[in-house]
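Engineer: Sequence:
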Amino acid sequence: MTRERPVLVFDSGIGGLTVLRELRVMMPARRFVYVADDAAFPYGDWEETALKEHIVRLFDRLIRTYDPHLAVIACNTASTLVMPDLRARFPLPFVGTVPAIKPAAERSRSGLISVLATPGTVKREYTRELIRDFARHCHVRLVGSARLATMAELHLRGGSLDMDELKSEIAECFVEKDGRHTDIVALACTHYPFLANAFRKIAPWPVDWLDPAEAIARRALDLLPNDASELPTTPDLAIFTSGNVSHETASLVHGFGLSAREDGRAPSRSD
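Quick note: the sequence shown uses this note's numbering, first residue 1, plus one each step.
Do not rely on the hints blindly, as some may be mistaken.
Said to hold, decoys possible - Derived pair list, reagent style DSSO-like, types lysine-lysine, alpha-carbon separation capped at 27 Å: (1) Lys-167 <-> Lys-123; (2) Lys-102 <-> Lys-123; (3) Lys-123 <-> Lys-52; (4) Lys-102 <-> Lys-201.
Unchecked claim - Restraint ranges, calculated between C-beta atoms of paired labels, are given here: (5) Asn-244 <-> Asp-85: 40 to 50 Å; (6) Met-163 <-> Asn-244: 27 to 37 Å; (7) Val-175 <-> Glu-106: 16 to 26 Å; (8) Glu-214 <-> Leu-92: 33 to 43 Å.
Treat the hints as calculated values from the structure; they're not laboratory data. Keep in mind that this is a model prediction, so the values were computed, not measured. In this text, a Cβ means the ideal position worked out from N, Cα and C, and glycines have one as well.
Whenever a hint applies, use it, and build me the whole structure from the sequences.
Structural biologist: Here it is as structure tokens:
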């Protein structure tokens, strides 16, 4: 039997499970390897050049180890920073995650949209290019939160949410202008959809919280060969670069059909 080459899904933590969920819906006969670079989480604490080098080195080993058909970078920060380097170095398709500014601008009725992201994604020139290319007719508010990704990680692992703290993190997303209100918030971090229900409860008015996971999955499906008709026999894996998987985390990824595996060989900032 030929080796079952997986789809590799990569994120700084477990937020990319939102993307994995959609990938599974669209390609149930594919095998998946989910990589959480939790040894380096959060990416916002890194200097950009060091983070870029870290991710490229890590992918060099991941590709040699798992020989994926395709890699999905389920992380806005990594996608906006390192995608050109990955595509130039490795001969396989890469699907990135970028702020959903174009669909937000197309769907907005008020012309007031917000992009809720990490500080790294907010400051990228790539993000501003998306606004210039697709949302010139809109007022776009960029909101960078240094805390939401960590809050989502802790919440997914069973921790409680401080709703007042959460409310303060998203408050800038809501704009009133000339009788109009923000009507769409693009979630530009794959961790954030896990907090969407909480966002809805504390929002000052209803908005559409735009999750890019379905669009990412559709793009991945377009790039894969149509040769997977039978269910894979090799289990789907979740790899944690920290080499430390708690019982709560193992239970969480098991709920997504993944078998957790520790992997402490990831390069560190000091390498």
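Engineer: None of the hints should be skipped; say for each whether it holds.
Structural biologist: Quick rundown of the hints versus the structure:
1. For the hint linking Lys-167 to Lys-123, the alpha-carbon distance of about 22 Å falls within 27 Å, and the restraint holds.
2. This hinted pair checks out: Lys-102 and Lys-123 have alpha carbons roughly 18 Å apart, not beyond 27 Å.
3. For a cut-off of 27 Å, the pair hint linking Lys-123 to Lys-52 stands: about 16 Å separates their Cα positions.
4. Proposed proximity of Lys-102 and Lys-201 is supported: the alpha carbons are some 26 Å apart, at most 27 Å.
5. A hinted range of 40 to 50 Å is violated for the C-beta pair Asn-244 and Asp-85, which are about 28 Å apart.
6. The hint said 27 to 37 Å for the Cβ distance between Met-163 and Asn-244, and at roughly 29 Å that hint holds.
7. One distance hint, 16 to 26 Å for the beta-carbon pair Val-175 and Glu-106, holds here, with the actual separation near 19 Å.
8. Checked against the given bound of 33 to 43 Å, the beta carbons of Glu-214 and Leu-92, roughly 23 Å apart, lie outside it.
Hints 5, 8 from the earlier list are contradicted by this structure; the remaining hints agree with it.
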